[in-house]
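Undergrad: What follows is each chain in one-letter form.
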Amino acid sequence: MDAQAQKAVFTVERAGEKLVLRLSGVWKLGCGLPDIKEIENLPVEGEGYKSITFDTSGIVGWDSGLMTFLIKVLRFCQTNDIQFDQASLSQDLSSLLSLSQAVPEKEGLGEADSRGNYFHRLGKVSIGKYEEMMASVSFVGECFQSVLGLLKGRRPFRWRDFYLVVQEVGFDALPIVALISFLVGLIISFLGAVVLQRFGADVYVSYLVAYGMLREMGALMTGIIMAGRTGAAFAAQIGSMKVTEEIDALRTLGISPIDFIVLPRMLALFLMMPLLSIYAAIIGMFSGMLISNIMMDIAFPIFLNGMKEAVALPDFFLGVFKGTVFGVIVAVSGCLKGMRCGDSADAVGLAATSAVVTGITFIIISNAMIDWVAAIYGM
Amino acid sequence: MNANQNGNVHIEVRGLEMAYGDFVVMRDLNFKVLHGEVVVIMGGSGCGKSTLLRHLIGLRSPSKGDILYDNESFVQSSEEEKLRKLRSFGVLYQGGALWSSMTLAENIILPLEEYTNLTPSEISDVVSYKLSLVGLAGFEGFYPSEISGGMRKRAGLARAMALDPEILYFDEPSAGLDPISSSRLDDLILQLRDSLGSTVVVVTHELQSIFDIADKAVFLDVEKRTMTAYGNPNDMLRDPPNDNVRRFLTRDSGTD
Ligand SMILES: Nc1ncnc2c1ncn2[C@@H]1O[C@H](COP(=O)(O)OP(=O)(O)OP(=O)(O)O)[C@@H](O)[C@H]1O
Ligand SMILES: [Mg+2]
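Respectively, the protein sequence lines represent chains A and B.
For reference, each letter of the first sequence is one residue, going 2 to 380 in the numbering used here.
For reference, each letter of the second sequence is one residue, going 80 to 335 in the numbering used here.
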């Protein structure tokens, strides 16, 4: 057989009331099937034929490619009220075709997103955002209620989970927090070296480092690290529990998932974040001291003395306060996104991403607000 | 709970319509389940059986209609009443839904700790007993990720039975089980009903179990979007109320 005979082709013939489609060649996907659009150019009603029959004797091989073609013809027949002569197909083809048509297509689906004009969609998106916001607000409310319940001793608390999370968010985070704050301290003191040396104000580098680490960078960097590390982990853990119906299983036992899952995580971060920010600030100041000693020959005692004059207890407390706030933000955004997660595996990924983005955004915003208020009260 | 309640209506579904957003899954469902009855919810894949179960246990609210337990509306009851009702349910989810951070034993211990005053040694006895009922004796210390899908299903069953609930809801309990385990499961369901007087609602495709265990069956028709048959499945087979039920019960695909 030559290559030409192998190619999938069909010819159209009229035989009285019938239209005969004569198929021949290899009807396989990827072997150059005839353009399926040609079906739409078939002569339609009023042209004197009432049914389409097939002659498949010329077909030497076929796979799903032929089936998609036949289904297309079937659709054409259904829309144009032409009889589709299934009996003229071979047994195999006919039964496959029957199977594919056995369950009617589900209507009203798949168009949901493309439906409607611009304003329709805008409205839908806005309503979605509004509902999302209300859900967040009510989630925060529920968390608050749960904390109150715990304080009043009315709700059982999962101590074992709490210890596990404390280890996860506290102890296990020490190395990465140390590394990042060491580098941040180094950067601040390096900046100080470059800028302050021009004015001969080298000694004030201790002021810059201590003030910067205690008030700003210690808590901020820890917050950002925890948002990426812990917020995402919370969202993914809770999200996958949602997908596997574990959260539903809690609910139907009458156990509040907020008490059971969210509360231990929130409390753990609430307690660990201030400690971590202090730890970060100390490491940052230490690395600042080291760098100024190396780059500017500032002896350790001089650096420490300068630091003592520069910063006071309020600076320390401001940092601790920020750390606490950031901890709550990370916990709430992580748990919220997890609880609002959809029902599929990719929704878990989305939840984790959005927990990080939300967490960092709110950390930066609240940092600015706290600084602003502190400035007003001269702290 | 006790024998003298037998014959009273336990669960009643009235004009229930279930929807996801605009998409109505099923409408106009009406049926009553008596105390101590075993009722099977059957129907083609994707017709809304799990969705109906989620409505019955209060995880979704109906878009129309009502669900009553012992003649009291469940849909309109307060949060506290709902919680109280929930405690009398045992639910087996389609995928098992074991808490993955806990061992099998801890999964069963949690409801016991939450709602009973048993001592730790009593609890551990109950746990071993429940696991042995589903053929998982000795698996107390395993995590859900360390056992097979069918075993997870059975462990979920053990958890659902932990509190000896008044109503047991099973979503495809025998899916993924071998024929022997699945017939043992049927025996277990009947045994639970007989000994505890529990009402049992089972979603299943397994024809054999439908005929063996069901006092009544609800048939959800995916094409008509409503229930088209309610009654004893053996009667249904003898005198099919409509063609879709007949085809379902006789495994007739209708393609030849
Ligand atoms: N979260 C959801 N959002 C939107 N539609 C859904 C959702 N869950 C299920 N559906 C739709 O509802 C219908 C019923 O789903 P359901 O899971 O109840 O089916 P089922 O009868 O349990 O099927 P199976 O026997 O395969 O478990 C399906 O058509 C499905 O597309
Ligand atoms: Mg299901």
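Honestly, the hints are just simulated from the structure, not real lab data.
Accuracy of the hints is not assured; some may be wrong.
Derived DEER-like restraints, expressed as beta-carbon distance ranges [claimed, not checked]:
# : chain 1 : residue 1 : chain 2 : residue 2 : range
1 : A       : Ser345    : B       : Lys111    : 54 to 60 Å
2 : A       : Lys130    : B       : Ser179    : 31 to 37 Å
3 : B       : Ser140    : A       : Trp160    : 48 to 54 Å
4 : B       : Tyr208    : A       : Pro157    : 20 to 26 Å
5 : A       : Ala348    : B       : Ser211    : 54 to 60 Å
6 : B       : Ile259    : A       : Ile177    : 31 to 37 Å
7 : A       : Ala136    : B       : Ser179    : 45 to 51 Å
8 : A       : Ser345    : B       : Gly229    : 21 to 27 Å
In silico SDA-like pairs for lysine to any residue, Cα to Cα no more than 20 Å straight-line [unchecked claim]:
#  : chain 1 : residue 1 : chain 2 : residue 2
9  : A       : Lys125    : B       : Gly276
10 : B       : Lys161    : A       : Lys125
11 : B       : Lys111    : B       : Gly276
12 : B       : Lys111    : A       : Lys125
Just so it is clear, CB atoms sit at the ideal spot from N, CA and C, and this is done for glycine as well.
Undergrad: It remains to establish, for every hint, whether it holds in the given structure.
TA: The hints, checked one at a time:
Taken as a hint, the range 54 to 60 Å is violated for the pair Ser345/A and Lys111/B, whose Cβ atoms sit roughly 36 Å apart. For the hinted restraint 31 to 37 Å between Lys130/A and Ser179/B, the CB-CB distance of approximately 32 Å keeps it satisfied. Distance hint check for Ser140/B and Trp160/A: the Cβ-Cβ separation is about 34 Å, which falls outside the suggested range of 48 to 54 Å. About 25 Å separates the C-beta atoms of Tyr208/B and Pro157/A, a value consistent with the hinted range of 20 to 26 Å.
Taking 54 to 60 Å as the suggested C-beta distance range, the pair Ala348/A and Ser211/B does not conform, at roughly 38 Å. The hinted range of 31 to 37 Å is not satisfied by Ile259/B and Ile177/A, whose Cβ atoms lie roughly 52 Å apart. Between Ala136/A and Ser179/B the beta carbon distance is about 25 Å. The supplied range of 45 to 51 Å is therefore violated. Checking the proposed 21 to 27 Å range against Ser345/A and Gly229/B shows it holds: the Cβ atoms sit about 23 Å from each other.
For the given pair, Lys125/A sits about 49 Å from Gly276/B by alpha-carbon distance, which is inconsistent with the 20 Å threshold. The straight-line distance between the Cα atoms of Lys161/B and Lys125/A is roughly 32 Å, outside the 20 Å bound, and the hint therefore fails. Between Lys111/B and Gly276/B the CA atoms are separated by roughly 17 Å; this keeps the pair inside 20 Å, and the hint holds. About 39 Å separates the Cα atoms of Lys111/B and Lys125/A, which puts this hinted pair outside 20 Å; it is violated.
Hint compliance for this structure: hints 1, 3, 5, 6, 7, 9, 10 and 12 are not met, and every other hint is.
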